[in-house]
Each structure stands twice: as C-alpha cells, then as structure tokens.
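Asks: Residue numbers (my numbering), protein chains in the order written: chain V, 1 to 314; chain D, 315 to 840; chain Z, 841 to 1123.
In short, the hints are calculated from the structure, not lab data. Any given hint might turn out to be false.
When the alpha-carbon atoms are kept at most 30 Å apart in a straight line, the in silico DSSO-like pairs for lysine-lysine are as follows [to be verified]:
{"no.": "1", "chain 1": "D", "residue 1": "K668", "chain 2": "D", "residue 2": "K818"}
{"no.": "2", "chain 1": "Z", "residue 1": "K1085", "chain 2": "V", "residue 2": "K93"}
{"no.": "3", "chain 1": "D", "residue 1": "K818", "chain 2": "Z", "residue 2": "K1085"}
{"no.": "4", "chain 1": "Z", "residue 1": "K1085", "chain 2": "D", "residue 2": "K703"}
A few chain D residues that face chain V, going by a derived Cβ cut-off under 8 Å, partial list only [stated by the list, open to error]:
{"no.": "5", "residue": "H374"}
{"no.": "6", "residue": "A376"}
{"no.": "7", "residue": "A379"}
{"no.": "8", "residue": "N450"}
{"no.": "9", "residue": "N507"}
{"no.": "10", "residue": "N510"}
{"no.": "11", "residue": "V514"}
{"no.": "12", "residue": "R568"}
{"no.": "13", "residue": "A651"}
{"no.": "14", "residue": "G653"}
{"no.": "15", "residue": "P655"}
{"no.": "16", "residue": "V722"}
{"no.": "17", "residue": "D725"}
{"no.": "18", "residue": "W739"}
{"no.": "19", "residue": "N764"}
{"no.": "20", "residue": "N766"}
These numbers were taken from a predicted model, which means no experiment stands behind them. C-beta atoms are modelled at their ideal positions from N, C-alpha and C, and glycine is treated no differently.
Each chain, letter by letter, is given below.
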Amino acid sequence: MASYLAKRLGASILTAFLASILVFMLVRLVPGDVVAQMMGQAGGAEAEASLRAFFGLDQPIYMQYLIWIGNVLQGDLGTSWARGLPVSDMVGKAFMVTLEIGIVTLVVATLVGVPLGVIAAIYEGRPLDTIIQGFNLLGLAAPVFWVGLMLLVGVSSALSWSPPLRFVPPTRSLADNIAILVLPVASLALLQAAAYSQFVRQNVVSAMHQEYVRTAIAKGVPVRLIFFKHILRNVLVPIVTFMGLILIQILGGVVIIESLFALPGLGRLLLNAIETRDYPVVQGALLLVVVAAMVVNLVVDLAYRLIDPRLRTA
Amino acid sequence: MTRHSLKRAFVGALLCGVAAITAPGAFAEDLYGPIPANPTMGGALNMGLLVEPPGLDPFHQAADARIRVTVLMYQGLFYEGGNGEAIPLLAESFEVSEDGLEYTIKLRDGVVFHNGEAMDAEDVAYSYNYIRDPENGSPGAGDFSVIENVEVVDPLTVKFILSAPNASLPMTLGNKYGAVVPAGYFDDPSAKNRMNAESVGTGPFKLVEFNPNSNLLLERNEDYWEEGVPYLDEIDFAFLPNSASMLVALRNNRIDLVKLERPQDVQQVESVEGLEVERWPSLNQKPIDLGAELAPLDDVRVRQAIALAVDKEEIKNASVGDYGEVITTMPAGMADAWGVPTDELSFMSRDVEKAKALLAEAGHPDGFDLTLTTINGYDWMDPAAVTLKEQLAEIGINLNIQRVDLGVWIDNFRGKTMGFTFNDWASQPDPHLLFYRHFHKQPEGADFRNWNNDEASALLDAGRAESDPQKRKEIYADFQKVLAETVPTIMLFSADHVTVKNGKVQNFSQHPTGWYYGLARTYVGE
Amino acid sequence: MKAMTMTRNGRPSTLARIAREPGLVLGTILIVFLALVALFPGLFASQSPNAISVPDALQPPSAAHWFGTDDVGRDLYARVVYGARVTLSICAGSLLLSALMGGLLGLISGFFGGWVDQVLGRLIDVMLSFPPIILGVIITGVLGPATHNLILALSIVYLPVFFRIARAGAMSETGQTYVEAARSIGLSEGAILRRHVTRNVTPLILTQYMILFPLILQIQAALGFLGLGVQPPTPDWGAILEGGKDYILFAPWMSIFPGAAVLVTALALMLVGRGLQRRIDRR
Chain V
1 MASYLAKRLG ASILTAFLAS ILVFMLVRLV PGDVVAQMMG QAGGAEAEAS
51 LRAFFGLDQP IYMQYLIWIG NVLQGDLGTS WARGLPVSDM VGKAFMVTLE
101 IGIVTLVVAT LVGVPLGVIA AIYEGRPLDT IIQGFNLLGL AAPVFWVGLM
151 LLVGVSSALS WSPPLRFVPP TRSLADNIAI LVLPVASLAL LQAAAYSQFV
201 RQNVVSAMHQ EYVRTAIAKG VPVRLIFFKH ILRNVLVPIV TFMGLILIQI
251 LGGVVIIESL FALPGLGRLL LNAIETRDYP VVQGALLLVV VAAMVVNLVV
301 DLAYRLIDPR LRTA
Chain D
315 MTRHSLKRAF VGALLCGVAA ITAPGAFAED LYGPIPANPT MGGALNMGLL
365 VEPPGLDPFH QAADARIRVT VLMYQGLFYE GGNGEAIPLL AESFEVSEDG
415 LEYTIKLRDG VVFHNGEAMD AEDVAYSYNY IRDPENGSPG AGDFSVIENV
465 EVVDPLTVKF ILSAPNASLP MTLGNKYGAV VPAGYFDDPS AKNRMNAESV
515 GTGPFKLVEF NPNSNLLLER NEDYWEEGVP YLDEIDFAFL PNSASMLVAL
565 RNNRIDLVKL ERPQDVQQVE SVEGLEVERW PSLNQKPIDL GAELAPLDDV
615 RVRQAIALAV DKEEIKNASV GDYGEVITTM PAGMADAWGV PTDELSFMSR
665 DVEKAKALLA EAGHPDGFDL TLTTINGYDW MDPAAVTLKE QLAEIGINLN
715 IQRVDLGVWI DNFRGKTMGF TFNDWASQPD PHLLFYRHFH KQPEGADFRN
765 WNNDEASALL DAGRAESDPQ KRKEIYADFQ KVLAETVPTI MLFSADHVTV
815 KNGKVQNFSQ HPTGWYYGLA RTYVGE
Chain Z
841 MKAMTMTRNG RPSTLARIAR EPGLVLGTIL IVFLALVALF PGLFASQSPN
891 AISVPDALQP PSAAHWFGTD DVGRDLYARV VYGARVTLSI CAGSLLLSAL
941 MGGLLGLISG FFGGWVDQVL GRLIDVMLSF PPIILGVIIT GVLGPATHNL
991 ILALSIVYLP VFFRIARAGA MSETGQTYVE AARSIGLSEG AILRRHVTRN
1041 VTPLILTQYM ILFPLILQIQ AALGFLGLGV QPPTPDWGAI LEGGKDYILF
1091 APWMSIFPGA AVLVTALALM LVGRGLQRRI DRR
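Make a model of the complete structure from these sequences and hints.
Replies: Encoded structure:
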C-alpha cells in the first residue's frame, strides 16, 4: 500500500510539473501581453519597455519559468500583474467558491441521482424506468449554460426574483449563500444527477442479473435483503469512483456557469486572467486545478481500495 | 427612426433629456455635476459594471474601465468640463507666461490625502514628474512629454516648465492618467500593487475593498475638501459578466444604477415599472480604422472608395438603434465646439458609383478580399460587421470578418499592424488630446494607422502651440479636412451614454467621457 | 474480448431486434433527419441565413419567420437550419481528428509498451488534467480565430479518451497467441497492428465516437457562447446562442431555438450511442 501510494504520488507530481511547463509556454504563446493591455491606445514604446522589464517579461522564457517555479516551490505564487493582489489569495478565495459549488452540486446530484437510478433499476423495463431514463437523457443532452440561462430568466420573470450579486460565504450568511447558489447549482446538478442516475441504474441492473442474485431470489430470500446485502455492496465501488469523476467534471465545467451567474469562482478567475494575460494568475489557478484533480483521483483510488478488500493487497 | 416599436412618447422624453443636458453651460459651473437642492445624506448605492476595471492604478493602467471608477478616488489638477473647458480641481487658479512655456499653478488649500496627510506642492511636483518620465512606465507619459520639469515655488504653488507651448496643458493635467499622490509614493516597488488594496488619492470616495470578479466597494471620504459632499456613504460596484444577468439584476432591484454598454438594451427594461432611462451626450466614437501597412489600403483611392461605400446611418442603426448619432470627423460631444460642417468635408456621403470608379482607377475593377478585425465582447461590432460586409460587397470588396480578443487586438494596434478594423475609443474633450497621439507621424506621435501625413502633422503641431481659441478652431478644422480627404479612419457614430436607474437614485448625471464623476453628486432617497 | 469467440445462435429476427431498441430507432431517424438538414439546408429553409434587414430586427416568431429574427433582422430559422451543417461538421471533424490521433497514439503506446508507452501516457495525463473549456480557450487563443483552429482545439479535448481505448485494446492483444503466431510466421508488426485495428479496435472507437459526439457538441456550443466559435456571419448554434444571450429578456427566441437544436441533436446522438454501446456489451 505504501509503495503503491509513493508511486502514485510520484507520477502525480511529475504530471503536475509537466502541466506547469505546458501552461507556462501556452499562455505566453497567446498574442498580446498584460503590458500592451495596460498601455491600451496610449503610451509610447519607452514606457512600454520599462513596464515590460518591471514584470520580467524581457527575460527569456526559460528564465521566467525557473524564477516562477523556484518561487512556487517556496510556496510563493507571486502577485497578479493586472490586479496587484497576491495570487495565492485570489486563487484561494476563488477556489473556495468553486469547491462549495462543486460539493453542493455533488450532494444534490447524489441525493437525486442515486435513488432515481435504483428505482429505475428495480422497475427495469416498466414505465417508471422509461420515464426516469427519459429524464436522464434530457438532463445529459441539455447544454448546462443554456439551462442556466433559461432558469435565470424563467425564475426572474415568474417570481420577480434574482440571486444576490455579491457572493457571500456560508460562514457569513447561510441564507444569502443559498440564495446565490440555488440557480447555478440547479443547472449543474440537473446534468450530474442525470449522469449519476444513469450510471447507478446500469450498475444495479447488471448486479441484479448476476447468477447469485437470481438464485437467491429463486430461493425466496427477501428482495430487500438481497438488495442491501449484495447489490448495494457491489455497486458502492463504482458509485464512489463516479463521485470523484463527477467532482472533477464539476470543477472543470463550472467555468461557464460562474460566468453566467457572476460567481467569483476559479473558472471565471481563469477566464478573466487569460483575457487580461495575467500570467501569474493563470499559472497559479491552473496549477491548483490540476493538483485538485489529482487529489480527488487519489482519494477515490484509496476509498476504492478500502471498500473493496480484494484490491488492498494489489 | 422608430425601430423596435419604441413608444413615441418615450423617445420624445428622451430627446428632451438630451437637449437639456447639452444646453451650454450645464457643466461649466458645476464640478462633477449639478448640486442638488435638498440632498439626503447617507445610504448606499449599488451600481452594475459590465466591464471590470483591470486594476485601480491611475498611473500605469490605461483601460477606460479603470478611469471610470478611479476618478472618484483620485484627482488631478483640473476637471474635464463637459464643454471642453478645463476647470480647476486641485488647482485653484493658473497663469501662463508670455511665451506659453511656463504655467504657474496655485493649489487648493486644505486638501488631505486618504491617508490623512495634507497635500502640498511637493506632492504635486512629485506626481507629475513621476508620470512624465517614461522610465516609470506610465501609458500617460506620452501626453506629458511636453513637460520638461515641475518645480515647487512655495507650499501651495507649482510651476510647470514646457519644452514647447501647449494650449491643452490644463486638460492634460486632468484625471485620465495620473493624479496627485503623496510625494515618494512609488519609491516602494510594491506601491503599484497597493493601489488595489487602499486608495491614496484626494477624491470624494475611498477604497474599501476590490474583489476581482466580484465587486469594488468605496466609502465616503470624511475628510474630503469640498463642503458637504459626497452624499453617499457607500458605493458598491458589482462586476457583471453579461448584459443578461445585469438586466435581470436591474429588474429585480439588485442594482440601482447602470450605464448600458449597448444603449439598445433599453428595450429590455423600458417596460419595467420604476426604472428610469436617461440619455447623455458622449465623447466616444466608433470608427473603422484603416492601417496603411495592409495592401491595398496603402492606396489612398482605395481608402476613399471604402469611405464612399459605407452607409454610416445603416451601421449605426444595426449597432445601437436610435441611441447614437452619426458623426463625420469629430465625436458627437465635441462636434458643436470643434466640428466642421459636413458639406466642407470630402467623402462623407455615400456614392457607390464613384467608389467603384475609384477602385477601378486604383487597379481593382473587380474588387478584392479584405479582412475586418472586430473585438470579442464589443457587442456593437458584430451587427456592424455584417452590415458593413453587405455594403462593401456592393463595390466588389469581399469582407471576411475576424473576431479576436481584446489582448490580440491591442497587440496588433500597438504593433501598427491593425489592418482594417473597428475601433472604440474616446478622449478628453480637447482636439489636441484627441488627435495628436493617434495621428501625428512618428516619433512625436504614435501614428498607429501608418498614415504618415506631413500636412496633418504640421497642423497638429500648430494646433498644440496655438492659444487663441478662434485660430485653434481653424487649425483643427483644416486638420479634419485632411483627415476626411485621405481617410486613415472613418468615424461612424457616437453611441449615447444611456443610464438606467431605479427610483431610489437621485441627481445622478453622466459625464460625456463615460467616467462616473456624477456619483460624487448622487444621493439616495425615496 | 472473450465474448467475441462465443457462437451466436438463436439470433432473433431483425424486426424483433429493432422493436427491442426503440431508442436506437428513434435516434437513428433523428440523426438521418439532421444529416439531411446539414447536407441540404436549402431544402428546409427558403430564406438566406445571412441576409440582414435591420428594420425587421428582433421580430418574434411568426409565419414569415418561424423562429423570429435576430438583432440585425436575419431569419433565425434559416440560421439554425444552416447552422446544423457548420456545427455538426465542426464537431464531427474535430472528433474524427481526436479518434485518428488518439487512436494511432494509443495503438503505438499499447503495442510497443516500454518507454514509448511511459512518455505518451504521461503526456496524455497532462492533457487530461486541464478542464476542457479552459484548454479550448487557451488553444484557440494560441492558434488564432479560424474554424480550422477551432476544430484543432476541440480535437485535443477528447484525444485522451481515444488514446486510452486504443491502448487498452492493443495491450490486451499483444499477449494473445495469434499475435505471437503471426509474428512467428514473419508478419511485420505493422501488418499485425493493421489487422488488429480493423478487427477489434475500430468498433470500440466508433462506439466511443458516438458517445462523445453529444459531449463535444456541448463543449463547442459552450465555446461559441464565450465568443470563441466560428467567425461571423457564419451561422453556428453556439454563436447564435452567444448573440442571443444579451437579448434574453426582450427576444428569448434568439436563445430558445438554437439551444433546443443542440438539445435535440445531443439527445438523438445519445440514443444511438447508448444503443450501440448496449450491442457491443452484449457481444
């Protein structure tokens, strides 16, 4: 287990490192830089050059990278070029917002999706199953941002209500926090609940078709008992794995919902930073996204091993 | 004129509003806007912003979105009067030497910075000496290059020494670039960044917090030097990523006031109870720029042919509906003071036959392919581009549209490789500040369009040096005739500033620059 | 793969099989219809998708304009119909590119193993670690705005998926006796690879292609919504949505119809993808 963990960690760190180089190069390949934007339609070449030197943009790229990665390894993500605030503060704040959206969405999607999936599986082939599968398909097919837009306008027209504009963390005011998150979470959770429900249905159905389950049913063992003793245990592993997948998907897919609902999360921060060529913020935020995805993967992997004893010795 | 079934009465009311605002002298007497009769003190105002300020540093950040809000925190020596007059702000009065090379400026007494220190001549000299030095990397450095030195005469008097006469100096010492900050402020290398955490200006509002992607919170400056103002305790600017969420928020009273980026958004809120729409004249302009580095735009006949093929009215209607004014060679807000009658300008009325003849003469009888660059997020450009495409097709030019993001566009623009593009810009209400940097040949100007016109450059030099208003107007009229004749740019229209507020907001006025000076005179009450 | 060797007896009649898969049938009919729309838009819409008419701007749906008009008076029905070709060909093209590149790299990685596999695997991990939309934004930024660059950017998003399938397929095969046998009778590795590809990996890739199609469709629409779609005035569903979002209160039809087009297309593709998946699983 320990050697496995070490190997996994090593691979993850290497991946993160390679990703950081890739990001560093890619953002610099996008034409235009922060200085050009600060200068706008004014200014002279001399002022521009001196500002570029201030940001270290006059140095060769590998030097810029070495300086940056050196600072990162010492825990310093630098200062935002456009906003002048510490990158770690900006990214940290934004990450908390995105993480909250992600976790709340995951919880809602699980609470809705798992029971739906189980019900559909139990009623396999019957009308209720068809209805649930229809919901799953619609949820999966509808573009998330479009659902969000329709919700925003629909709710605003029907109830004359719209979410507060200034994000408030749940620690400051739970009521305001919920009011802000209800629409974005609803639009994201629709998709994820559908994905969840479909996935759970598939797994439960295939578990129910297993030989031993059929035999148990034939022997007259109560269905409820079979369900909780055998089926649930069998589908728990894939469900946990799926949870991780979905969390990663939410963290990556929340970009457009944050833009639509004006939420100060990581996705919107990234989009804005790419737009303003705020390299330190792009690099810092993407590094965090990559690391977060890896942590989730690792946790899922470990949970997987804990639930399924057969894998423990592997 | 009545596009989109706008109610006639509504349009009428709006037009009256404009007439009242443009009435001469409306701005001349009152700094920041009219003083209300019975203002209510206190309260908070929520304003929505569609474009987030990229930073709050008046010295190093040229973005208009920055200027709009920092004018409330930082002040220069003069205020940009809407009619083109520079009104003393932190200055009290000024004298010009006979040769026009020395401006002696008396400073206002009793002005205190947000950090509690009193402002004096040392601070003023430091601030302007800092910004004029290109080593310090200010985008405004070019505008201040004519200043040779700023000297302290006594604690409340400074002397600006110029290398050449510059009639626009007071307007240059306004609020677009730079401001007066405490002497030595930038000695600390992290000072630039600190401006996003605390303000060090002298303005009516102080910075409380700036949360990227979220909001900007300002509070009343208790030690402000003007008596009895400002009225608001707090202004909270919310950054909204799109008009859809902004309009929804406005409709549900989550925000009290917005300036619409696309004036025609009015249609979406006009039916909402309790919202009040106002229109204000504007100094902005939306032109087509023609970079001469891109063949065949290097041929003046081709540029003239394009000018003749363009139907400005139709483009304006597609872009902003009735909420704008077609212009010739001067933004709408300056046309009365500085404009030239249309019949004295060449290539101003559409003539497809003549355009075709010019193209044939230039060796393109069958037209050619041309790429128009537009900017992602500038909503008016999309409808304008497809409209222009159809107009140019009539003279055989096949227009491809290429939409790039602002960073790429600015990179091309500054690199003098803009090609054929839409632009969207504004300046202070002064012809020197409007034209010089953009159109004077290098190295004195930036000549972004590779126009390289000697006659125009000579006129711009003469206009800068001339202090007699009448002669100045004639010089800039001649310049505009050259501009119209040789077409480095085709100014299409100025979009009105359109603001929407709910019943709570009282006495807000919108400055023609688009900056939010008016908030210093706004109060809330039922 | 073991299931492949099973003999298939008692095969039900074609009609009966179709009846068991109503979703697959419905999906196929819809896709055929959409393909017809994409191939022959002129048969479905009589108006031009690009003809502007400013006085007719922002008209609600009517007999003359079934889906209403947009902000410069273009007929939205025509734009949605003609948009099918643009949107679907971008998605199909980019996914084809991912399948080709990802499939090829995956085969190479799985077949040769060793350091080749290590290096390629690591690179794919790096690509997978970025959120797709952000990756799309950065890559379109680097490459510049053009339809072929959009296709290239989109193709990178799901490349890792194809890579993994092809790699797993290749790895499971390399140990098989017939491969050893083929090698021993002197067949070149290239020939083995080729035969293997056609026989075993292609159906998996095809199924995955159908499964990923609705997902790439949504990412493409999302990029269009962010203004990173095709260049105006080309009609594209994402781009129409982007233009419509700012008129959402006044002219919701600008958003409803192109969004519904994305939804219906994704739905049809999912029905077919699921049907195919089920058939593969059953084998």
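Asks: Indicate, hint by hint, whether the structure satisfies it.
Replies: Hint check results:
A hinted pair counts as satisfied when its Cα atoms are at most 30 Å apart, and K668 of chain D with K818 of chain D does not qualify at roughly 55 Å. Between K1085 of chain Z and K93 of chain V, the direct Cα distance comes to roughly 28 Å. Compliance with the 30 Å bound is thereby established for this hinted pair. Simply put, K818 of chain D and K1085 of chain Z have alpha-carbon atoms about 28 Å apart, close enough for the 30 Å limit, and the pair holds. This hinted pair checks out: K1085 of chain Z and K703 of chain D have alpha carbons roughly 23 Å apart, not beyond 30 Å.
For H374 of chain D, the shortest C-beta to C-beta distance to chain V is roughly 6 Å, which falls under 8 Å, so the interface hint holds. A distance limit of 8 Å between C-beta atoms decides the matter here; for A376 of chain D the minimum to chain V is near 4 Å, and the interface restraint holds. The beta carbon of A379 of chain D is not positioned within 8 Å of any beta carbon in chain V (closest approach about 10 Å), and the interface hint is therefore violated. Interface restraint check: N450 of chain D against chain V, minimum CB-CB distance 7 Å, threshold 8 Å, status holds.
The closest approach between the C-beta of N507 of chain D and any C-beta of chain V is roughly 3 Å, which is under the 8 Å cut-off, so the hint is satisfied. The interface hint given for N510 of chain D holds, since its Cβ lies 4 Å from the closest Cβ of chain V, which is under the 8 Å cut-off. Because the closest C-beta pair between V514 of chain D and chain V is about 13 Å apart, greater than 8 Å, the hint is violated. Residue-level restraint check for R568 of chain D holds (minimum Cβ-Cβ distance to chain V is 5 Å; threshold 8 Å).
For A651 of chain D, the interface hint is violated, since its Cβ never comes within 8 Å of a Cβ in chain V; the closest pair sits about 22 Å apart. Violation of the interface hint for G653 of chain D is found here, the shortest Cβ-Cβ separation to chain V being roughly 22 Å, above the 8 Å cut-off. Evaluation of the P655 of chain D hint against chain V yields a violated restraint, the C-beta minimum of about 28 Å exceeding 8 Å. Interface restraint check for V722 of chain D: the shortest CB-CB distance to chain V comes to about 5 Å, inside 8 Å, so the restraint holds.
Among the interface hints, the one on D725 of chain D holds; its C-beta lies about 3 Å from the nearest C-beta in chain V, closer than the 8 Å criterion. Because the beta carbon of W739 of chain D sits about 6 Å from the nearest beta carbon in chain V, less than 8 Å, this interface hint is met. A hinted interface residue such as N764 of chain D counts as satisfied when its beta carbon comes closer than 8 Å to some beta carbon of chain V; here the least separation is about 15 Å, so the hint is violated. Because the smallest distance between the Cβ of N766 of chain D and any Cβ of chain V comes to about 17 Å, over 8 Å, the interface hint for this residue is violated.
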